[in-house]
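Novice: Could you slot chain B onto chain A? The hints should help.
Heads up: the protein sequence lines correspond to chains A and B, in order.
Everything in the first sequence is counted per the numbering used here, starting at 1 for the first residue and increasing by one.
Everything in the second sequence is counted per the numbering used here, starting at 1 for the first residue and increasing by one.
Please keep in mind that the hints were generated in silico from the structure rather than gathered at the bench.
Treat the numbers as computed from the prediction; the structure is a model and nothing was measured.
Here a beta-carbon is modelled for each residue, glycine too, at the ideal position from N, C-alpha and C.
Careful, some of the hints might be misleading.
Simulated coverage check for chain A against chain B, where a stretch passes if three residues somewhere in it have a Cβ under 8 Å from a Cβ of chain B [what the hints assert, rightly or not]:
1. 11-24
2. 27-35
3. 106-113
Interface residues of chain A toward chain B, partial, derived using beta-carbon atoms under 7 Å [claimed, not checked]:
4. Pro5
5. Thr116
6. Ser119
7. Asn123
Spelled out, the chains give:
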Amino acid sequence: MQSLPNILVVEDDPLIQSIVEETLADGGFEIIIASSAENAIELLDLQKVKYRALVTDINMGHDKLDGWDVARRAREINTGVPVVYMTGASSEDWASKGVPSSILLRKPFAPAQLLTAVSQLLNAGDASIKAL
Amino acid sequence: MVKSKAILLAVFIGSAGFTAAHAECEIADAKLEEAIQQNPRLRGPANSQSVRDLRSLRDAAFTLRSYGRHEDCERLLGNIRELIAGPPMGSLGDNDEEEANKQNTAREPKLKRGAALGSRDRKDAKPLLRIDELAPGLRTDEMIGAEVRSSDDRIVGEVRNIVFGTKDGRDYAVVASGGFFTAGKDSIVVPIRSLKVSQDRASFYLPITKEVMKTVPLMPDQDYTWLSDQKWRARNDALFPGP
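The shape of chain A in the complex, shown without the other chains (with noise of 0.2 Å):
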């Protein structure tokens, strides 16, 4: 039997990294969750799973690899991976640094928000699969 489809969920912050899983574990996913940039790339790499869907903080440390990374990661990996960013900073590099067919939510956001934007991205990517 398939396991539950996995989320890869990128935050440094514990407390909001438990309500995000919450949230999604409620939405009926699998959360595998990375503390940093770094953890989660080497996660990606390993691609002993496949992930459904990423949601990463942005910024996690100065002199550090941040969200944009590990999205553009994801991508290389994986070109239809959905990716949520997560930001308590300005939007303002997400056309620059984000990849296409993201979604930025800044915080503060309601925990329905994050599932809705999960849902809005893997709806889009099914249609797009099929449109092909």
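Specialist: Relative to chain A, chain B alone:
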């Protein structure tokens, strides 16, 4: 599996402080994403719309729960479970809009204002009146939405609109069909003067036979340009008897 666990009520991710409350609505138990991933029926292209709909319902359940509406959330989850287990949308028809319109057109209305067969054959049934015999006169709010029946007392449709003030003084009731004679959601245009009405004003009657009814044309457009088409109106009106 029903377990009680803390959820965040009115919480905003990324904001400081939150309130905890106990949830009874276990959305994950519906196993929607699992079903989408594993059920070949839901993965079929004919059901992409139903997958989108199911996710929307799941997200709505989540929103209800975040407002503390656990009972509503549970009800919605029940619906989601039924839809997952139920017949595929593909078997109910196509999700193509044109096809859906065709099906709607062919479908008789589920709700009828009155019974399919009326009570005109009852001994105590009072005679019908001509519109101009009514005193006081009819109000438009009495007409719009009223049922319209055929001469053999079967539902034809309901009055959806009324056209007054034509230059030639011919006023019309636009009757949405979908009843016994003209299956579908289209409308016919009935000269008001030809209608008869029950004494309680609840029902209007078309004093024409079933055979003639079948020849009545459908209203050609929703923009009422037919009002300027004298030939069409003359042909249509000739099918209905005068007062």
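Novice: Each hint: holds or not?
Specialist: Consistency of the hints with the structure:
no.	hint	in the structure
1	11-24	holds (count 5)
2	27-35	holds (count 3)
3	106-113	holds (count 6)
4	Pro5	holds, 5 Å
5	Thr116	holds, 5 Å
6	Ser119	holds, 4 Å
7	Asn123	holds, 5 Å
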